[in-house]
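Engineer: Listed in order, the protein sequences are those of chains A and B. Read in our numbering, the first sequence has 307 at position 297, and its numbers run on one by one without any break. Read in our numbering, the second sequence has 556 at position 546, and its numbers run on one by one without any break.
Heads up, a few of these hints could be off.
The list cannot tell twin chains apart, which means a pair is met if one copy fits it or any two copies do.
[As the list claims (entries may be wrong)] Below are the BS3-like pairs computed for lysine-lysine, each with C-alpha atoms no more than 27 angstroms apart in a straight line:
#, residue 1, residue 2
1, K463, K309
2, K463, K304
3, K156, K70
4, K331, K321
5, K454, K442
6, K183, K331
7, K304, K488
8, K246, K321
9, K284, K153
10, K337, K284
11, K454, K284
12, K183, K337
13, K274, K287
14, K462, K321
15, K70, K277
16, K331, K246
17, K209, K408
These are calculated hints, taken from the structure and not from any lab test.
Protein chains: 2
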Amino acid sequence: MEADSSTGVAAEVESLRAQIAQLEATLKSKEKELDTVYPYSRSYNKTSVVTILGSEDGGKMLIGQTLRVGGWVKTGREAGAGAFCFLEVNDGSLFESLQVMVPKEVADEVGGLKALTATGTSVLVEGRLDATPEGTKQAVELKATKILHVGPCDAATYPIAKKKTSYEFLREKMHLRPRANTLGAVSRIRNALAFATHKFFQENGFLYVHTPIITASDCEGAGEMFQVTTLLGKMKEYEGTPSVSAEQLETLKAELAAQGEAVKAAKAAAAANKEDKELAAASKAAVDKLLKLKEEFAKAEESSRIVGGIKRLPDGTPDYKEDFFSKPAFLTVSGQLQGEFYACALSNIYTFGPTFRAEYSFTARHLAEFWMIEPEMAFCDLADDMQCAEDYVRYCCKHLLENCQADLEFINKMVDNTAIARLQQVASTPFKRVSYTEAIDLLKDVVARGVKKFEYNVEWGIDLQTEHERYLTEEIFKQPVIVYNYPKDIKAFYMRLNEDGRTVAAMDVLVPKVGELIGGSQREDRLDVLEQRIRDGGMDIAAYEGYLDLRRYGTVPHSGFGLGFERLILFATGLDNIREVIPFPRWPGNASY
Amino acid sequence: MEADSSTGVAAEVESLRAQIAQLEATLKSKEKELDTVYPYSRSYNKTSVVTILGSEDGGKMLIGQTLRVGGWVKTGREAGAGAFCFLEVNDGSLFESLQVMVPKEVADEVGGLKALTATGTSVLVEGRLDATPEGTKQAVELKATKILHVGPCDAATYPIAKKKTSYEFLREKMHLRPRANTLGAVSRIRNALAFATHKFFQENGFLYVHTPIITASDCEGAGEMFQVTTLLGKMKEYEGTPSVSAEQLETLKAELAAQGEAVKAAKAAAAANKEDKELAAASKAAVDKLLKLKEEFAKAEESSRIVGGIKRLPDGTPDYKEDFFSKPAFLTVSGQLQGEFYACALSNIYTFGPTFRAEYSFTARHLAEFWMIEPEMAFCDLADDMQCAEDYVRYCCKHLLENCQADLEFINKMVDNTAIARLQQVASTPFKRVSYTEAIDLLKDVVARGVKKFEYNVEWGIDLQTEHERYLTEEIFKQPVIVYNYPKDIKAFYMRLNEDGRTVAAMDVLVPKVGELIGGSQREDRLDVLEQRIRDGGMDIAAYEGYLDLRRYGTVPHSGFGLGFERLILFATGLDNIREVIPFPRWPGNASY
Chain A
11 MEADSSTGVA
21 AEVESLRAQI
31 AQLEATLKSK
41 EKELDTVYPY
51 SRSYNKTSVV
61 TILGSEDGGK
71 MLIGQTLRVG
81 GWVKTGREAG
91 AGAFCFLEVN
101 DGSLFESLQV
111 MVPKEVADEV
121 GGLKALTATG
131 TSVLVEGRLD
141 ATPEGTKQAV
151 ELKATKILHV
161 GPCDAATYPI
171 AKKKTSYEFL
181 REKMHLRPRA
191 NTLGAVSRIR
201 NALAFATHKF
211 FQENGFLYVH
221 TPIITASDCE
231 GAGEMFQVTT
241 LLGKMKEYEG
251 TPSVSAEQLE
261 TLKAELAAQG
271 EAVKAAKAAA
281 AANKEDKELA
291 AASKAAVDKL
301 LKLKEEFAKA
311 EESSRIVGGI
321 KRLPDGTPDY
331 KEDFFSKPAF
341 LTVSGQLQGE
351 FYACALSNIY
361 TFGPTFRAEY
371 SFTARHLAEF
381 WMIEPEMAFC
391 DLADDMQCAE
401 DYVRYCCKHL
411 LENCQADLEF
421 INKMVDNTAI
431 ARLQQVASTP
441 FKRVSYTEAI
451 DLLKDVVARG
461 VKKFEYNVEW
471 GIDLQTEHER
481 YLTEEIFKQP
491 VIVYNYPKDI
501 KAFYMRLNED
511 GRTVAAMDVL
521 VPKVGELIGG
531 SQREDRLDVL
541 EQRIRDGGMD
551 IAAYEGYLDL
561 RRYGTVPHSG
571 FGLGFERLIL
581 FATGLDNIRE
591 VIPFPRWPGN
601 ASY
Chain B
11 MEADSSTGVA
21 AEVESLRAQI
31 AQLEATLKSK
41 EKELDTVYPY
51 SRSYNKTSVV
61 TILGSEDGGK
71 MLIGQTLRVG
81 GWVKTGREAG
91 AGAFCFLEVN
101 DGSLFESLQV
111 MVPKEVADEV
121 GGLKALTATG
131 TSVLVEGRLD
141 ATPEGTKQAV
151 ELKATKILHV
161 GPCDAATYPI
171 AKKKTSYEFL
181 REKMHLRPRA
191 NTLGAVSRIR
201 NALAFATHKF
211 FQENGFLYVH
221 TPIITASDCE
231 GAGEMFQVTT
241 LLGKMKEYEG
251 TPSVSAEQLE
261 TLKAELAAQG
271 EAVKAAKAAA
281 AANKEDKELA
291 AASKAAVDKL
301 LKLKEEFAKA
311 EESSRIVGGI
321 KRLPDGTPDY
331 KEDFFSKPAF
341 LTVSGQLQGE
351 FYACALSNIY
361 TFGPTFRAEY
371 SFTARHLAEF
381 WMIEPEMAFC
391 DLADDMQCAE
401 DYVRYCCKHL
411 LENCQADLEF
421 INKMVDNTAI
431 ARLQQVASTP
441 FKRVSYTEAI
451 DLLKDVVARG
461 VKKFEYNVEW
471 GIDLQTEHER
481 YLTEEIFKQP
491 VIVYNYPKDI
501 KAFYMRLNED
511 GRTVAAMDVL
521 VPKVGELIGG
531 SQREDRLDVL
541 EQRIRDGGMD
551 IAAYEGYLDL
561 RRYGTVPHSG
571 FGLGFERLIL
581 FATGLDNIRE
591 VIPFPRWPGN
601 ASY
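When you get a sec, could you build the whole thing from the sequences and use the hints?
Structural biologist: Here you go:
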């Protein structure tokens, strides 16, 4: 393609995009005018609060219309000396609540003003959308003409009736927690980031692959994995089984052997006197007894294998042939392995699913169950990998700024007043890239100059600690930075060995507030090098046959990375505890609902 | 809003939509012209096959350009008496492969023609895109000028080298399975349906909620659930613990009691003779011995509780205080409970995540691990619920027809020649709705008229079997049908009781080829009715406190449904076995990778 024509096309594309954007804005507002009823509430004829307050003019276009709004009262107060009340009604479609004015005579039909103003009360209100006086926060309010539904809420017993409740307290009321302001905002932010994730990868030609949750792969280190089993549930089945000791079994075995001898003798006697019917009968009886004893022994042997309700192998470990998958099975810690299988067939894939760690960690940064995004790309080297990671994170930030304005404003005001600025900076600035060796030099320099003391010593070869990572991104670069080419000894065996023989093509994306957000690498695609790395690591090469097959049959350079979804939300919101950014957090001793 | 103005706006909206669609089509083609390089392969300068063959003109626009294409050889053959070879190169971005012509002199630089033509070989080819002769299947082919990468593939050992391999065989080669034609097509169809799911719910104002995978909720029936535990992994820790029998423990207990008496006596003697130092010393010695015995007993008691490597309660069941979550934990069977928590705060939510059944089922329709979509809506009754289910399924069909044409054509040709017609019909026709009572009457009628015999008898009150469901949708209505208002006795306690007192507001969506695709209901939102239903079911009301709280504090009418994602793919593809439509199927005895 010639440079000139390319520029011409580029300009055309630009102009087309602008035209489409303009038309879409007009379409959006026209659609709202046309269709204010939320589609899956036709029976209730309900309009979402976001349809009213989320429009560009703050709902003015709908003034004069009769609308129905359903939701929960955030706050309510009587006014006009008992002539009416104001309700802030929230339906979760937007951070903001719609102000609803209910005249006393309307309220009286459903139990009076008091019954409506309690926090947590649900209402479906029909009314006319009115303009509010100039200077009021919202441009419109709903003047109720009819209350169609009231779900009362007793303030005296409502667990989260108070305005300010601690995060710890809310964690004990997980089923009501999404009704709290911050948790509601986080839910919408989490939703937006999840959809941004899908949009980004879909727009860029990645296929979404559901890698397995239950895995029996031998490659996974069983160290900090949850086991998935039906053996404990089966204990009951073995309850009546008599317990047989080793001694009893020995006794039976001896009896069996003795009877064996007896059979031999009886048979010999019978054979010697073929005409003797008594000897023949005795021989038959001996055989019958032997068979009975054998059966008894087999049963006892079977019983002796059941210890504490679980069938065992001779060494006392559970006999996993009895388990659901006929072998030990675990909850996945990563979908990378299976992701590589798919990338080495379909080129560009991503996963987005739950992953698990059975770590006894009670920190604000760890969960036993969390969600990960793991793209994997064929014909992709470390430079491409870094670019993809950067584009993805920046896309998410942009999407959030465009779609969750009210939530971010609340977060910025109540949780972290640098949240919006951080998102804006990340959305608009290319990430820095620095090699591990350069990063170590930079850190050593600030230590040498006495600018900063670290708890952990800085030397080439160390695994960077969170303090180092955060100093790099927050103090030295003051923006996201990608560190690449790490020492091979601190990274996984599957990362591609660089020419220098001492580093691997690995990269970490470090961001302010969180530190490491993404870890990725180019994968070792050379069969011989990979085999050597597995052997050097003292691992069982037979367990990696499938993985090695990818290098045997049409190997391609490929790369990928993993992002902990909750870390991304921590980064976006500035919240301190990861337990607040997942709907139902799991940690040691805790799995409510 | 007046009817007239509404019609005017509707026309405007129509026209805006058409304008945008037209501009977008132009934009798409211009973008392709501008940017043929796949963004995360910049280092390799690679163009996706979909960019070439997936465009409206079949790639003609790019004729004359120098492009690089990377992928795997589907088939290769030498031609022109050894002067060149043709490779069908597939990169997974599209069902179709791109034809690449490699002259002998180009191939010789990388080992000759033979090295390239083996199925499964990976190549990165640089060449010129040429027009093919009129009448050729594809409009373009790549004429190689350089081969930049070859990953050889030995046809003699390559497990899936043969053209036709059975599904069963492919399941044993799970890591190479996505390279097979059908499995590749299914991967793209699955991806399209997953994204369609997200798009549909996002466009309609639903929030994506990640309900938990590990659950310790008392409400879940533990019947067919997988248990999640760290107890089996801990067995090793108890390996050295001496085993203490009940008799030994009794002996120690008796000793302890005796020593207690001894202490009492010694103390009394010492108290009677306060000056006697020997008696005081004897008393002290007796106490010391008692303390030592107590310690010994405690240790023995602790040891006696460890049976078969697991600490037990007195009744022999595991002591779950020792487990990771301090109580029994399981893999979720549904996110509905937690979905309701969120819908009763944020109005409209959906889940899309893995669910599990520890059922010993080997059928072609069951998996131990599968993905479910569960929307839940506040201020939504059964009619709205049915509408949402219908709109969602039809949206998915439309999306698939628009985005996976080549894959569907292959499926239609090789798997099920009614697949495309079925999708088109569903996309374009509103679903029938029929009450359970009407459905039973219809089925009884065909039985009475001798038109059809069923294995299971048809009577009001029965749970519809797959044979009944399929007959309704495939024979009677010949299209998707929603059956609603089922007898309360065959449905779950949480479904809203209808006025008749004998049916509940439940619905099932039945589709040809699969039968039941969706099950849903309006939830019982009346506290007293729900409590009664729980009691009637003989369930423990205390276990449902959180669920009842939703009805105590601002209750709202709400509804939801569940769709098994793999069932949707079976419906779309007509494949017979559910193990083919999930990347890593799990069933009893099987969990490879």
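Engineer: Next step is simple, just say for each hint if it's right about the structure.
Structural biologist: For each hint, the structure was consulted:
1. With identical chains, the CA atoms of K463 and K309 are never at most 27 angstroms apart, being 69 angstroms at best within one copy and 47 angstroms at best between copies.
2. For the homomeric pair K463 and K304, neither the shortest alpha-carbon distance inside one copy (75 angstroms) nor that between copies (51 angstroms) is at most 27 angstroms.
3. Taking identical chains as interchangeable, the C-alpha atoms of K156 and K70 lie at most 27 angstroms apart only when both belong to the same chain, with a minimum of 22 angstroms there against 63 angstroms between chains.
4. In this homomeric assembly, K331 and K321 come within 27 angstroms of each other (Cα to Cα) both inside a single copy, at 9 angstroms, and across copies, at 23 angstroms.
5. Within a single copy, K454 and K442 get their C-alpha atoms as close as 19 angstroms, which meets the 27 angstroms cut-off; across copies the closest is 72 angstroms, which misses it.
6. Taking the shortest Cα distances, K183 and K331 sit within 27 angstroms of each other only across copies (22 angstroms), while inside one copy they are farther apart (41 angstroms).
7. Taking the shortest Cα distances, K304 and K488 never come within 27 angstroms of each other, neither inside one copy (78 angstroms) nor across copies (62 angstroms).
8. Taking identical chains as interchangeable, the C-alpha atoms of K246 and K321 lie at most 27 angstroms apart whether they share a chain (12 angstroms) or sit on different chains (16 angstroms).
9. For a Cα distance limit of 27 angstroms, the shortest separation of K284 from K153 qualifies neither inside one copy, at 112 angstroms, nor across copies, at 91 angstroms.
10. When the C-alpha separation of K337 and K284 is checked against a cutoff of 27 angstroms, the pair qualifies neither within a copy, at 54 angstroms, nor between copies, at 69 angstroms.
11. Proximity of K454 and K284 under a CA criterion of 27 angstroms is satisfied in neither setting, with 99 angstroms inside one chain copy and 73 angstroms between copies.
12. Taking identical chains as interchangeable, the C-alpha atoms of K183 and K337 lie at most 27 angstroms apart only when they sit on different chains, with a minimum of 18 angstroms there against 38 angstroms within one chain.
13. With identical chains, the CA atoms of K274 and K287 are at most 27 angstroms apart within one copy only, with a shortest distance of 17 angstroms there and 76 angstroms across copies.
14. In the homo-oligomer, the alpha carbons of K462 and K321 never lie at most 27 angstroms apart, since the shortest distance is 58 angstroms inside one protomer and 49 angstroms across protomers.
15. Taking the shortest alpha-carbon separations for K70 and K277, neither the intra-copy value of 107 angstroms nor the inter-copy value of 91 angstroms comes in at or below 27 angstroms.
16. Taking CA atoms no more than 27 angstroms apart as the test, K331 paired with K246 passes in both settings, with 18 angstroms inside one copy and 19 angstroms between copies.
17. Both within a single protomer and between protomers do K209 and K408 lie at most 27 angstroms apart by alpha-carbon distance, with minima of 12 angstroms and 18 angstroms respectively.
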